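Protein sequence lines correspond, in order, to chains A and B.
If you count the first sequence from 1, position 127 lands on 127 in the numbering used here, and the numbers rise without skipping.
If you count the second sequence from 1, position 113 lands on 113 in the numbering used here, and the numbers rise without skipping.
There is no bait here: all hints are sound.
Here are the in silico distance ranges between beta carbons for each label pair:
hint	chain 1	residue 1	chain 2	residue 2	range
1	B	PRO79	A	ASN168	42 to 48 Å
2	A	ASP132	B	LYS126	46 to 52 Å
3	B	ASN112	A	ASP166	37 to 43 Å
4	B	ASP58	A	ASP132	38 to 44 Å
5	B	LYS134	A	ASN127	34 to 40 Å
Taking lysine to any residue pairs in the SDA-like style, the calculated list, with each CA pair at most 25 Å apart, reads:
hint	chain 1	residue 1	chain 2	residue 2
6	B	LYS135	A	LEU109
7	B	LYS135	A	VAL107
8	B	LYS135	A	GLU108
These are calculated hints, taken from the structure and not from any lab test.
All values reported here derive from a predicted model rather than from experimental measurement.
For each residue, glycine too, the CB sits at the ideal point set by N, CA and C.
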Amino acid sequence: MKQFLKYLFFFIWICSALALLGIGAYMLNEKYKEDDISWTLSSYNGDVSLADFKEKIVMIYFGFTHCPDICPTSLYTMSHSLDKLSEKEKSQIVPIFVSVDPDRDNVELLKEYSQYFNKSIIGLTSNKENLDKVTKKYNAFYSMVPMKNSSLKYTVSHTTRIYIVDKNSKLRFSVDSLNQNADYISTKLKLLLSE
Amino acid sequence: MKKILIICMFAVLSYSADIEVKNAIISAPPPFSMLTSGFMTIHSKLKKDIKLIKIESDIAYDTEVHQMGMKNDMMMMYPITDINISAKSSTSFQPGVRHIMFIELKEKLKVNDKKKVKLFFSNGKKIDAWFDVKKITK
Chain A
1 MKQFLKYLFF
11 FIWICSALAL
21 LGIGAYMLNE
31 KYKEDDISWT
41 LSSYNGDVSL
51 ADFKEKIVMI
61 YFGFTHCPDI
71 CPTSLYTMSH
81 SLDKLSEKEK
91 SQIVPIFVSV
101 DPDRDNVELL
111 KEYSQYFNKS
121 IIGLTSNKEN
131 LDKVTKKYNA
141 FYSMVPMKNS
151 SLKYTVSHTT
161 RIYIVDKNSK
171 LRFSVDSLNQ
181 NADYISTKLK
191 LLLSE
Chain B
1 MKKILIICMF
11 AVLSYSADIE
21 VKNAIISAPP
31 PFSMLTSGFM
41 TIHSKLKKDI
51 KLIKIESDIA
61 YDTEVHQMGM
71 KNDMMMMYPI
81 TDINISAKSS
91 TSFQPGVRHI
101 MFIELKEKLK
111 VNDKKKVKLF
121 FSNGKKIDAW
131 FDVKKITK
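Start from the sequences, fold in the hints, and give me the full structure.
If you want it as structure tokens, here you go:
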């Protein structure tokens, strides 16, 4: 009986230790995911970091300027959602367009392209290595795809979501730019601003 | 002779109405951009399927049709030819689904411009469609 109880306590002790280890690992992982959305990218005016926008809401869209369909539509939608806000609300939001096609999109072109859709949109890019790290943090994807039978040499497949970072630099949610309109996005932004 | 001419005119006009292009829009691009996209709906009243085999426009050196699709959570596009226009149905080109791509623009396009695009079909029909240049948003 004594022996049995010994083994039972030992078994319970092992299970508890494993459970605690698992919980700890999960919390660390979640903390990593939660905190590490920082980045530094290049703009026409120099390096820009997420940390530069503390106390502001940041909207981020990953795309490229040779995108004829989704990116212009998404950027027009971003712009339109901002137009539905008051001047005070707009001043607390930073819209960003990150090009994942640095071979064709330099910072000068990105500045002009982004500001065409809305004067407040900041155009950013970087080298492939950095872009890969940044997109991974946001669970965004992109891929260069050769275009056969086209005068375009290649296109870029990419996720079509607008990522929203709150005033505490936490990634709160993302919006499907294809299926959500400007009204929906502006409503979500107003809710975040009211926090 | 006059009667024959009038009858022929009506025949041509009624044949033309068998294929209509509606909601034709070109997305207003940034002034320096070398490409943009076009969208439309083709309404066919024909009894047989036909194909859209070629698109031409004076606004760009190249004009292609691209199909869009999601793969691994990413939107991708690829060129397609011979687009099927089913009998007595509508075929739409809309954002995120399918678009005309105008590559190497020859001129700056401004909102409210109207531009002619020629559509060629497999039954020998050719339509000149007028596209409005607009900002496209959700």
